[in-house]
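Asker: Top line first, the protein sequences correspond to chains A and B.
Residues -6 to 410, numbered by my numbering, are exactly what the first sequence covers, in order.
Residues 1214 to 1380, numbered by my numbering, are exactly what the second sequence covers, in order.
Source of the hints: derived by calculation from the structure; they are not laboratory data.
As the structure is a computational prediction, the values presented were derived from the model and not from experiment.
Please note: incorrect hints may appear among the correct ones.
Unchecked claim - The calculated label-pair distances, taken between Cβ atoms and stated as ranges, are:
| id | chain 1 | residue 1 | chain 2 | residue 2 | range |
| --- | --- | --- | --- | --- | --- |
| 1 | B | Ser1348 | A | Ala365 | 45 to 51 Å |
| 2 | A | Lys237 | B | Lys1350 | 44 to 50 Å |
| 3 | B | Lys1248 | A | Tyr198 | 48 to 54 Å |
| 4 | A | Asp247 | B | Ser1348 | 42 to 48 Å |
| 5 | B | Glu1369 | A | Gln16 | 22 to 28 Å |
| 6 | A | Asp316 | B | Gly1312 | 45 to 51 Å |
| 7 | B | Ala1352 | A | Asp339 | 57 to 63 Å |
| 8 | B | Lys1248 | A | Met333 | 40 to 46 Å |
| 9 | A | Lys73 | B | Arg1373 | 28 to 34 Å |
Said to hold, decoys possible - Away from chain A, derived, C-beta distances all over 10 Å, residues of chain B:
| id | residue |
| --- | --- |
| 10 | Asp1334 |
| 11 | Asn1342 |
| 12 | Ile1362 |
Said to hold, decoys possible - To give an idea of the interface, some chain B residues facing chain A are shown, with a C-beta separation under 7 Å as derived from the structure:
| id | residue |
| --- | --- |
| 13 | Asn1226 |
| 14 | Arg1236 |
| 15 | Leu1238 |
| 16 | Ser1241 |
| 17 | Lys1272 |
| 18 | Ile1303 |
| 19 | Asn1310 |
| 20 | Val1371 |
| 21 | Thr1375 |
Note that beta-carbon positions come from the ideal geometry of N, C-alpha and C, so glycine has one too.
Now for the letters of each chain:
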Amino acid sequence: MGMTMTQKILAEHAGLESVKAGQLIKVKVDMVLGNDITTPVAVKEFEKIGTNKVFDINKIAIVPDHFTPNKDIKSAEQVKMIREFSKKMGIVNFFEVGQMGVEHALLPEKGLVVAGDVVIGADSHTCTYGALGAFSTGVGSTDMAAGMATGETWFKVPEAIKFVLEGKPGKWVSGKDIILHIIGKIGVDGALYKSMEFTGEGLKYLSMDDRFSIANMAIEAGAKNGIFEVDEKTLAYIAEHSNKPYKVFKADEDAEYAEVYKIDLSTLRPTVAFPHLPENTRTIDEVGDIKIHQVVIGSCTNGRIEDLRIAAEVLKGKKVHPDVRCIIIPATQKIWKQAMNEGLFDIFIDAGAAVSTPTCGPCLGGHMGILAEGERAVATTNRNFVGRMGHPRSEVYLASPAVAAASAIAGKIASPE
Amino acid sequence: MNARGRVIKYGDNIDTDVIIPARYLNTSDPNELAKHCMEDLDKEFVNKVKAGDIVVAGKNFGCGSSREHAPIALKASGVSCVIAETFARIFYRNAINIGLPIVECPEATKSIEDGDEVSVDFDTGTIVNHTKGSSYKAAPFPDFLQELISAGGLIEYVKRQTQGGVV
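Could you put the whole structure together from the sequences, leaning on the hints where they help?
Answerer: Following this line, the structure appears as structure tokens:
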């Protein structure tokens, strides 16, 4: 019986000819990732193992991005602890403020993940790297600790759901709209324990930034990972960003799938997820009159250069509504500089938006844009759970950068059309 | 190993942001985290939870963020076991890794009600509802996970491996 893309990558990393869904296997990892919230717990667990070195100083990435630049004394202490740990262990890929970015935008940009890799990260959105044809998945701090010590982890081989993307999406339909549409269709546990494999002739219309957004939110459907078939765009991205050797895995013709969905991208509309679950989706035509107080454009889902370009296209020559705070957060230093050089900041600032240094900040209700009771935000982030961006009685509406920018101008959820 | 306690029941898709809101993640001290456990969903949880209590919930328990602080906060609150219809996969791993007992059993979660007295036998997978006089059977853990659990969690398991012991 044939294997899926994910199964082939896992088999190779387990040193096995083949694997099948449900099998428990031990695999070698190519990268272990942690951030400033999860790494402190991992360091404590690592120390209990009783080893004084990590398995490979080049295969661990530690990115303080959640509460950085540090918002308070406790979070500064947490980063201090992981900074000292990284120095002591000689970890090469520790990214300080000034070099850091939102981890899942940063790692691909730094060339640290390529096609065929197995990556575990103590952050649920580690599934982002599936856009590159890698197997990557979120784990907890203890798994991160064990991974740092041994260079290995265990997995139950997942079965997969195949999404065949067809047709060309309309001008204002982005990767974010595609993944919100899919989550709306299958639900927040629609892919629980499974892989989501994306393929089809429609892939050629999706940029790498679109694919990162889609793979990023696989976890919001409960998936173990989201993974894209590798094509010329993937290979061009890898060639531009990395010197690491890569390997392209293609699903077998006779691979078995739990389900297959065909999605005609040409029929999709800009899509918004209403509180308090990413599956509560409505098309932009069905949103009604929802007044808002804040817009956040950024995060590991939508803080990349194309996201900022689209926001600028919508905001150019316009003004942010007087009742709205619009906060724009380029995801990495490189993206920040690129946006600056392209003149995007002039557009944002002239429109009355604030531009922040890279941080996860408001996405998880950490800092840099917390909501008060009763306030509503349109955000290009990935979760709209109760209290996610601040007060438990605040609301987050998830949308694309285009919809978020249009909403900032209108003062209510609005279409960019 | 067994757990016995009074049930605190919640619904579907209980996410890790409500189990422990991110605004409290500037610490990893279990007792500090326990002070805010379930705060955004049920402000009374911290007042009513007693050592040994069992949390029962619907599908996809622990969805969202990978924060291990979520099972840590539940464990430090005194919760002896979580029974759910299904668990989100990262929470599932984390719970096993830190030694918070979890059981998947759709039949049990449908019929157990808030306040019921329930016991769980982890070796046999038997769940008994003493209030209703009914019992349910959960699927046992696969062998490898049983090994992890009996080793005392992932770190103890890895320790044995790295020190040349049981592999």
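Asker: Work down the list of hints and note, for each, if the structure agrees.
Answerer: Evaluated hints:
B:Ser1348 and A:Ala365 have their C-beta atoms about 48 Å apart, which keeps the hinted 45 to 51 Å range intact. Distance hint for A:Lys237 and B:Lys1350: a CB-CB separation of about 48 Å, consistent with the stated range 44 to 50 Å. For B:Lys1248 and A:Tyr198, the hinted distance range of 48 to 54 Å is satisfied, since their beta carbons lie about 50 Å from each other. At roughly 43 Å, the beta-carbon separation of A:Asp247 and B:Ser1348 lies within the given 42 to 48 Å, and the hint holds.
At roughly 24 Å, the beta carbons of B:Glu1369 and A:Gln16 sit within the given window of 22 to 28 Å. Checked against the given bound of 45 to 51 Å, the beta carbons of A:Asp316 and B:Gly1312, roughly 49 Å apart, stay inside it. A hinted range of 57 to 63 Å for the beta carbons of B:Ala1352 and A:Asp339 is consistent with their spacing of about 60 Å. Under the hint 40 to 46 Å, the C-beta atoms of B:Lys1248 and A:Met333, about 43 Å apart, fit the expected range.
Between A:Lys73 and B:Arg1373 the C-beta distance comes to about 32 Å, which sits within the given range of 28 to 34 Å. In this structure B:Asp1334 is separated from chain A by more than 10 Å, as the shortest Cβ-Cβ distance comes to about 23 Å. For B:Asn1342, the shortest C-beta to C-beta distance to chain A comes to about 25 Å, beyond the 10 Å cut-off, and the non-interface label holds. Distance check on B:Ile1362: its Cβ is at least 13 Å (rounded) from any Cβ of chain A, clearing the 10 Å threshold; non-interface status holds.
Hint status for B:Asn1226: holds, given a least beta-carbon distance of 6 Å to chain A, under 7 Å. Satisfaction of the interface hint for B:Arg1236 is found here, the shortest Cβ-Cβ separation to chain A being roughly 6 Å, below the 7 Å cut-off. This hint holds: B:Leu1238 has a C-beta 5 Å from the nearest C-beta of chain A, less than the 7 Å allowed. With its C-beta approaching chain A no nearer than about 5 Å, B:Ser1241 sits inside the 7 Å limit, and its interface hint holds.
Taking 7 Å as the C-beta contact cut-off toward chain A, the hint placing B:Lys1272 at the interface holds, the least distance being around 6 Å. With 7 Å as the threshold, the beta carbon of B:Ile1303 comes within range of chain A, its nearest partner Cβ sitting at about 5 Å, so the hint holds. The beta carbon of B:Asn1310 comes within 4 Å of a beta carbon in chain A, closer than 7 Å, and the hint placing it at the interface holds. With its C-beta approaching chain A no nearer than about 5 Å, B:Val1371 sits inside the 7 Å limit, and its interface hint holds.
The interface hint given for B:Thr1375 holds, since its Cβ lies 6 Å from the closest Cβ of chain A, which is under the 7 Å cut-off.
Every hint, counting from the list given before, is met by this structure.
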